[in-house]
Each structure stands twice: as structure tokens, then as C-alpha cells.
Amino acid sequence: MKWTRSALLIARKDLAIELRTKESLNAAAAFAIVVLLLFSFAFDPAAAETREFSGGLLWLALAFAGALVFNRGFSRELPNECLDALLSSPIAPSALVIGKAIGIFVILAVIENLSLFVFGIFYDLRWWLRPVELTAVCVLATWGIAIVGAVFGALTLNLRLRDLMLPVIVYPLLIPLLLAAIEVTNTLLANQPLSADDLLWLRVLVVFDIVFTALAVLLADTILVN
Amino acid sequence: MRERVTIGLAAAAILLLAYSLYQIFLVLPDEAMQGAIYRIIFFHVPAAIAGMIGYFVALVLSILYLSSKQLKFDSLAASVVEVSLVFSIVNLITGSIWARIIWGIWWTWDYRLTSALVCVLIFCGYLMLRQAITEPTQRARLSAALTIFGCVDVVIVYKSIEWFRTQHPGPVLSIRTGGGHIDPAMERILYLNFVAICLLAAALILVRSRQETTAREIDSLRRMANAM
Amino acid sequence: MDARNFEYMFYGFLAAWLVVLLYVLTLVRRSARLNRELNDVKQLISAQESGRQGLQEHVR
Numbered sequence: 010m011k012w013t014r015s016a017l018l019i020a021r022k023d024l025a026i027e028l029r030t031k032e033s034l035n036a037a038a039a040f041a042i043v044v045l046l047l048f049s050f051a052f053d054p055a056a057a058e059t060r061e062f063s064g065g066l067l068w069l070a071l072a073f074a075g076a077l078v079f080n081r082g083f084s085r086e087l088p089n090e091c092l093d094a095l096l097s098s099p100i101a102p103s104a105l106v107i108g109k110a111i112g113i114f115v116i117l118a119v120i121e122n123l124s125l126f127v128f129g130i131f132y133d134l135r136w137w138l139r140p141v142e143l144t145a146v147c148v149l150a151t152w153g154i155a156i157v158g159a160v161f162g163a164l165t166l167n168l169r170l171r172d173l174m175l176p177v178i179v180y181p182l183l184i185p186l187l188l189a190a191i192e193v194t195n196t197l198l199a200n201q202p203l204s205a206d207d208l209l210w211l212r213v214l215v216v217f218d219i220v221f222t223a224l225a226v227l228l229a230d231t232i233l234v235n
Numbered sequence: 005m006r007e008r009v010t011i012g013l014a015a016a017a018i019l020l021l022a023y024s025l026y027q028i029f030l031v032l033p034d035e036a037m038q039g040a041i042y043r044i045i046f047f048h049v050p051a052a053i054a055g056m057i058g059y060f061v062a063l064v065l066s067i068l069y070l071s072s073k074q075l076k077f078d079s080l081a082a083s084v085v086e087v088s089l090v091f092s093i094v095n096l097i098t099g100s101i102w103a104r105i106i107w108g109i110w111w112t113w114d115y116r117l118t119s120a121l122v123c124v125l126i127f128c129g130y131l132m133l134r135q136a137i138t139e140p141t142q143r144a145r146l147s148a149a150l151t152i153f154g155c156v157d158v159v160i161v162y163k164s165i166e167w168f169r170t171q172h173p174g175p176v177l178s179i180r181t182g183g184g185h186i187d188p189a190m191e192r193i194l195y196l197n198f199v200a201i202c203l204l205a206a207a208l209i210l211v212r213s214r215q216e217t218t219a220r221e222i223d224s225l226r227r228m229a230n231a232m
Numbered sequence: 452m453d454a455r456n457f458e459y460m461f462y463g464f465l466a467a468w469l470v471v472l473l474y475v476l477t478l479v480r481r482s483a484r485l486n487r488e489l490n491d492v493k494q495l496i497s498a499q500e501s502g503r504q505g506l507q508e509h510v511r
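Protein chains in written order, with our numbering: chain A, 10 to 235; chain B, 5 to 232; chain C, 452 to 511.
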């Protein structure tokens, strides 16, 4: 219980800071919308073929915006040696990572909702037709992005070229997750029934989330040292 | 002693490769449907398997590093990853050239190719990461974490796309199919080449890990010089 | 078909061995660089030590 409380405390702290300053929220939201806009120049939104891969465009925009969010996640602890204080505190490193991931998850969820709204306007997509399944996919995929971003955000904290390194490491790791999310979202946005293939992709999302969260919790104590 | 082992491994590899090249070009007949290009398989498949095995060896070494904190495991893991990356790139290039002739396309998104490419991307990131960190303990920790996450990720990619239709040729080695899919003479050369590539890989890994140790030695001597 | 086949097979083998050869060359260059750096650092340390010894004798 103490572990859960610590994780939620970290998450609340991060979200409180974010609510006050809105630094990564504003930047990431603006970035996501600009990317979606650029996509609509590159791929004709009116064409039927574009609608078939619209899920891909959405998740790409979110993945890129996500980089801004998890870059900020741990780096906000650098000034005033906040990270040292956090690591010296009784909070378990695994709780710290999960707490950070929860914070990133919430911020990404806000950006996702905004993106869906804007995306629906640009591409004339009725994304509200399958709310339950779409929410499930979004929750699973966003958690995957958040946990990978949190772990590697923590690890790359002191690097020289942090802002460059983080995307280079994180995006290849996110490939299976993004692939699965894109496939299922394409089906849902086209309002087709979920095929057996899509159910397999959902399974991939679940497996990815479980495995990577477990790895993050198991390895946090070993890899997050001063 | 170490140099002798390295030279011995390299020599054995070269001899085996020379013998297999002779067999491939002068003894084995052309394949019924593919013509001459099929001979690429004798380097494509062993390189692929050697690369994959290498990454999992690096995974084991990374776990050993995290539990024992001895930097020698980290040096060895980095060397293994680098050599595996070389063989993975060989795998992708030879596969692409073969595919151009047989399928008419340079690339396709089936599970083996996709997971091979994801592997190369993740472990290129690994090497870039190592270059960006100068402090040895931090570098070792980060590399170990990335290897563990990377290998798990590759398994997920492999398994997830495998569930779907694939364009890549199915298994031909008789350990997987029980025989009958490939001429035994060809299969023998395949295994021979695999052994040769493993020996070559071992020699390269020994050289590379020696270089890592020397680099650490230089680092500590520099610190000593600065302290004096 | 067969002639083009041979051509591509040749390119395939060439590409494979070129990659390995390039890697071996980078290893060789790295070895040379490391040996150079090692000698430099060792010289630096021995120069510092002899300097210190000279100073000690001077003080005596």
C-alpha cells in the first residue's frame, strides 16, 4: 500500500506542477496539432485511401508529441538537485518510475483527446462511434508509451545529448506498440467490426504493457542509482 | 595467449569458409527454381542466426553485469552487440538482394524482416548511447537496461507479426521441419557456414573486448595522471 | 534470367564481405588509436614521475 501511495504521490506532484505551469502540455498539444495539420497537407484528407490509414497518422502525431512530454518528465527534477532528494527519500525507485509514468500518461491522455477532436475536424472522421474500444486502445497504447518514456527518461537524465538520444532509443522500442495501436485504430476509425487480426493486435498491446511495466518495476532499483 | 586464441579462431573460420565457398560454387548444383541466386542463403541464414544468438548472449551478459557490477561483462556485452550488429546488417543486405530477384521487391514487411530491422535500429541506438556516455559505470548500467528492454521488444515484434500471414520462406532446416525440405548436402554447408561465422564472430568479439579493456585502462591512467 | 541471377549473386556476396571487411578495418584503426593513446598516457605519467623525483632530489 505504501508503494502505491508513493507512486500516486509522485504522480500528483508532477501533475500539480504541470497544471500550474502547463509547460509540456502546451508545447506537446501545439506540436501534435501542427503535425496533424502537416499530415493533412501531405495526405489529402478527402481521399478515401487516406481514411484507411488515418489511425497511423494519429498515432505518429501522438508519438512525436509524447517525446516532448517524457523529455520533460525527469528533466524537471534536475534543477535544485530534486532528483537526488527523490532518490535519497524512502520512496522506492520503482514507485518513482511508475509515478512518473502515471503523470506522463495523464498528460498524454489530455493531448490525445485534443488531437482526436482536431483530427476529426481535419479528416472528417467520426471517432465517437466506437468509444469503448477506442478508449481501450488509447489507454493501453498510451500507458506503453508512458512507461517506456519514463524508464528511459530516468536513465538518460545526465547525458550530454539527452534530447537527441531519448527519441533514438525510445522509438524503436515502441515499434510493436505503435504498430498494434495503428492497426486497431484504423479499423475503429473506419467503423469496421474488429477482426481476428485486430484482436491479436489488442493482445500484443496488453502483452507489451504487462511485460514492460514488470521490467520497469523489477529493474528500477538496479538502474536508478545516483 | 589471448592473441593466439584469436588468431586460431580466425584461421579456423577462414579455412572453413574457404572450404564452403569451394563447395558452394563448384560442387553444389543450381537450385531448381531459383537459379544461382539461392547460394546467398548460405550466408544470409547463418548471419541471421548468429546475429540473433549474439543479442541474446548480450542479454545474458547484461543481466550478469547488473547482478555482479563487474565491468568486464559490460565490455563483453558491448563487443557481442557490435559484432552481432555487423552480421545482422549482412543479413539484411543479402536478404534484400535475394528478394529483389525472387520476389521483385527490395523489401517487405513480414515478421522476420521487420524484427531484424527493429533489432538493428535498437542496437544502433545502443551503440550511439555508449558513445554519448563517458562515465563507465553509468554507461554500463544504461547499456544493460537497453539490452534487456531491446531483446524483450524484439521477441514481442517477432511473435506478434508471426501470427499473421508471412511472405518469407518457411523453415527449411530439418531440425525444424523433420527433413525433406532441403537437400542434405546443402543443409550441411549451411551448418558449416554457421560454425564458420560463429568462429569469425568469436575472434572479432575477442579483439573488440580487448579494445574495450584497453580503453578503460587508458581512462584510469589518465585519471591517475591528472591526480598527480 | 540466369545471367542477371549471377550478377546479383555476385553483388550479394560482395556486399556481405564488404560489410565484414569494413568492420575489421574499423577494428584495426581503433586498435592503432588506442595503442597510441596508451603510449601517450604512459609517457605522460613517467614524465610526471621523473619530474617529481627530480624535485625530491633537488629538495634533499
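Hints are supplied without guarantee of correctness; some may be wrong.
[Claimed, not checked] Below, computed lysine-lysine pairings styled on DSS-like, alpha-carbon distance capped at 30 Å: (1) A:Lys31 to A:Lys11; (2) B:Lys76 to C:Lys493; (3) A:Lys11 to A:Lys22; (4) C:Lys493 to B:Lys73.
[What the hints assert, rightly or not] Computed spacing ranges between beta-carbons, pair by pair: (5) A:Leu170 to C:Gln499: 31 to 37 Å; (6) A:Ala57 to B:Pro188: 48 to 54 Å; (7) A:Leu170 to B:Glu191: 44 to 50 Å; (8) C:Gln504 to B:Arg220: 23 to 29 Å; (9) B:Val9 to A:Arg21: 55 to 61 Å; (10) B:Arg6 to A:Leu46: 57 to 63 Å; (11) B:Phe60 to A:Ala55: 46 to 52 Å; (12) B:Glu166 to A:Phe62: 18 to 24 Å; (13) A:Asp230 to B:Pro188: 48 to 54 Å.
Keep in mind that the hints were calculated from the coordinates and are not lab data.
Cβ atoms here follow ideal geometry from the backbone N, Cα and C, with glycine treated the same way.
### Query
Taking 55 to 61 Å as the hint, is the beta-carbon distance of valine 9 of chain B and arginine 21 of chain A inside that range?
The hinted range 55 to 61 Å holds for valine 9 of chain B and arginine 21 of chain A, with Cβ atoms some 58 Å apart.
### Task
Quickly compare the C-alpha distance for lysine 493 of chain C and lysine 73 of chain B to 30 Å and report which way the hint goes.
holds, 28 Å
### Query
If you check the beta carbons of glutamine 504 of chain C and arginine 220 of chain B, does the distance land in 23 to 29 Å?
Since the Cβ atoms of glutamine 504 of chain C and arginine 220 of chain B sit about 28 Å apart, the hinted range of 23 to 29 Å holds.
### Query
Between leucine 170 of chain A and glutamine 499 of chain C, does the C-beta distance stay in 31 to 37 Å?
Because 33 Å falls inside the window, the suggested range holds.
### Query
Holds or violated: 44 to 50 Å for the Cβ distance of leucine 170 of chain A and glutamate 191 of chain B?
holds, 47 Å
### Query
CB of phenylalanine 60 of chain B to CB of alanine 55 of chain A, is that within 46 to 52 Å?
At roughly 48 Å between Cβ atoms, alanine 55 of chain A and phenylalanine 60 of chain B fall inside 46 to 52 Å, so the hint holds.
### Task
Would you check the hint for lysine 31 of chain A and lysine 11 of chain A, treating anything up to 30 Å between C-alpha atoms as holding?
holds, 29 Å
### Task
Using the beta carbons of aspartate 230 of chain A and proline 188 of chain B, state whether their distance is inside 48 to 54 Å or not.
holds, 52 Å
### Query
Given the hinted pair lysine 11 of chain A and lysine 22 of chain A, is their alpha-carbon gap at most 30 Å?
holds, 16 Å
### Message
I want to verify a distance hint. Is the separation of the beta carbons of arginine 6 of chain B and leucine 46 of chain A within 57 to 63 Å?
### Response
holds, 59 Å
### Task
Given the hint of 48 to 54 Å, check if alanine 57 of chain A and proline 188 of chain B actually sit that far apart at their C-beta atoms.
Check passed, 53 Å falls within 48 to 54 Å.
### Query
Within 18 to 24 Å or not, the Cβ separation of glutamate 166 of chain B and phenylalanine 62 of chain A?
Distance hint for glutamate 166 of chain B, phenylalanine 62 of chain A holds at roughly 23 Å.
When each numbered hint is compared with the structure, no violation occurs for any of them.
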